[in-house]
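**Student:** Let's have the full structure, built from the sequences with the hints guiding it.
Quick mapping for you: the protein sequence lines, in order, are chains P and F. Quick note on my numbering: the first sequence kicks off at 1 and runs consecutively. Quick note on my numbering: the second sequence kicks off at 1 and runs consecutively.
Treat the hints with care, as some may be off.
Stated by the list, open to error - To give an idea of the interface, some chain F residues facing chain P are shown, with a C-beta separation under 8 Å as derived from the structure:
no., residue
1, L98
2, E184
3, P200
Rather than coming from a laboratory, the hints here were simulated on the basis of the structure. Computed from a predicted structure; not experimentally measured. Note that the Cβ used here is the ideal one computed from N, Cα and C, for glycine as well.
Number of protein chains: 2
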Amino acid sequence: MTTHIQTVAVLGTGVLGSQIAYQTAYSGFEVTAYDISDELLEKARSGFAGLAARYEREVEGASGGPAHAALSRITYSSALADAVRDADLVIESAPERLALKRDLYAKVGPLAREKAIFVTNSSTLLPSQLADATGRPDRFLALHFANEIWVHNTAEVMGHPGTDPAAYDAVVDFARRIGMVPIELRKEQPGYVVNSIQVPYLQAAQALVVNGVADAETVDTAWRTATGAPHGPFQSLDVIGLATVYNIDAAGDEESQANARYLKEHYIDKGKLGRSTGEGFYKYGTAPTRS
Amino acid sequence: MTTHIQTVAVLGTGVLGSQIAYQTAYSGFEVTAYDISDELLEKARSGFAGLAARYEREVEGASGGPAHAALSRITYSSALADAVRDADLVIESAPERLALKRDLYAKVGPLAREKAIFVTNSSTLLPSQLADATGRPDRFLALHFANEIWVHNTAEVMGHPGTDPAAYDAVVDFARRIGMVPIELRKEQPGYVVNSIQVPYLQAAQALVVNGVADAETVDTAWRTATGAPHGPFQSLDVIGLATVYNIDAAGDEESQANARYLKEHYIDKGKLGRSTGEGFYKYGTAPTRS
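**Tutor:** Following this line, the structure appears as structure tokens:
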């Protein structure tokens, strides 16, 4: 029997967790935002207000009420038992560390409803690395969001071999109801769909600059002209942030590691981390616009 | 001293050669189209008429005269000496075989003006593999166009170590004058800029389908939604043509070769070669529209 998801708890109020909670509330759901301290929840509260303001500017139909009304559907809690007690769906967006997530699931498992579905927003861990800690492996899978969820509205849905298809389908349905485009994966895949393609694409682009074949602007112009895409790879790298890119590069093959060294020397060591710092491969004005 | 290019010869009237010659004539240049037989030139003539019709439909300002007038600026010749005698620029778009191209350059070298610049449109050979055969290595480089030149108007400019910067600049200037976006490479690079990025991007996308992670349509939806690009990778593969993709895959690493085998079994052996045959990863109507 498919769970029809009505109440949602989001564990973790970092950048992505906040966006997920807000988008869910904006879509009409009652949401409990959980974090480990009242200080973090205070910070989250002002973060949500900031999101409401951005939605008013950037999302059609959000101004004049809806963006503000979403705030009233968010409840705050630093008590895990309270946060998850009534949830049909628990969305985990905790820091990207395996042991931390496993500990969290071990705690949440006994506190949540038996029928509740758990999903992880992890970018780098596979559901099968977490499933047994949840106490409900059949109702556990990944639901992976992208930054600036209201623009980049993919929701990649990925189970592990033990995920119940009914739970999978319920999550796909939920993703759609919060305005996402569900991307259904049929197997576990590190990087899901988007990063599996984007990482080699970005590596290849970086190699052209690192090897002195062409400058970043030329590569971007070539890509935009050839494909009609709105952004070239170096514009994307600046948005992702060069510190994050550095970490991905450094974990890759020999070519990727050469890219990492180049990034460190020419950008990171000079404080040029991309759009967020006003300079990366490109220079930005003091008020960076959205990508 | 920079050669100011005024007269152009295009050697080879295949798909790309014809598009290059027509676009050059459309941009106001006198062009001689050369091929090895009068039969091929007759075929080219009707090809040019077809291009004029497409420009009238697809290129703003082309109808009502300009597209048709371009045809009158094209001269046909199967005599190499006549074709290149007055050319400031010789654009070679001959079949992609090293020995054939080298033979052609050895013949053209003594027939062309001393100051004439030669460029190759080769997709896979490097200028340094051809330079010594031209008799003018300093005035030899690559000028690489994309299919459907009037839409995908990149012109990748790539010299070899012995290319004179003045010749390079003259070619960049020429590219601009025929409506291209010049992409300036500073080093020889197999695949230039666009294919250096596009090939790993397309390989990674294929691997997702080959490994059963997601279907082609899901991957395309994910990519378009995440990046705002107008097309996903499988739409591009269908346009490139799966026979061409197969050849690229088969020449690659182990993952690429697995992609090649999958393509052969599921598409090529079934006559599904992409857009041109009405079916590839997608089905198309009887009148394929342009990408």
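**Student:** Now, for every hint given, state plainly whether the structure supports it.
**Tutor:** Hint check:
1. For L98 of chain F, the shortest C-beta to C-beta distance to chain P is roughly 22 Å, which exceeds 8 Å, and the interface hint is violated.
2. For the restraint placing E184 of chain F at the interface with chain P, the shortest Cβ-Cβ distance is roughly 6 Å, inside the 8 Å limit, so the hint holds.
3. Proximity of P200 of chain F to chain P holds as hinted, the smallest CB-CB distance being about 4 Å (cut-off 8 Å).
Checked against the numbered hints listed earlier, the structure breaks hint 1 alone; every other hint is satisfied.
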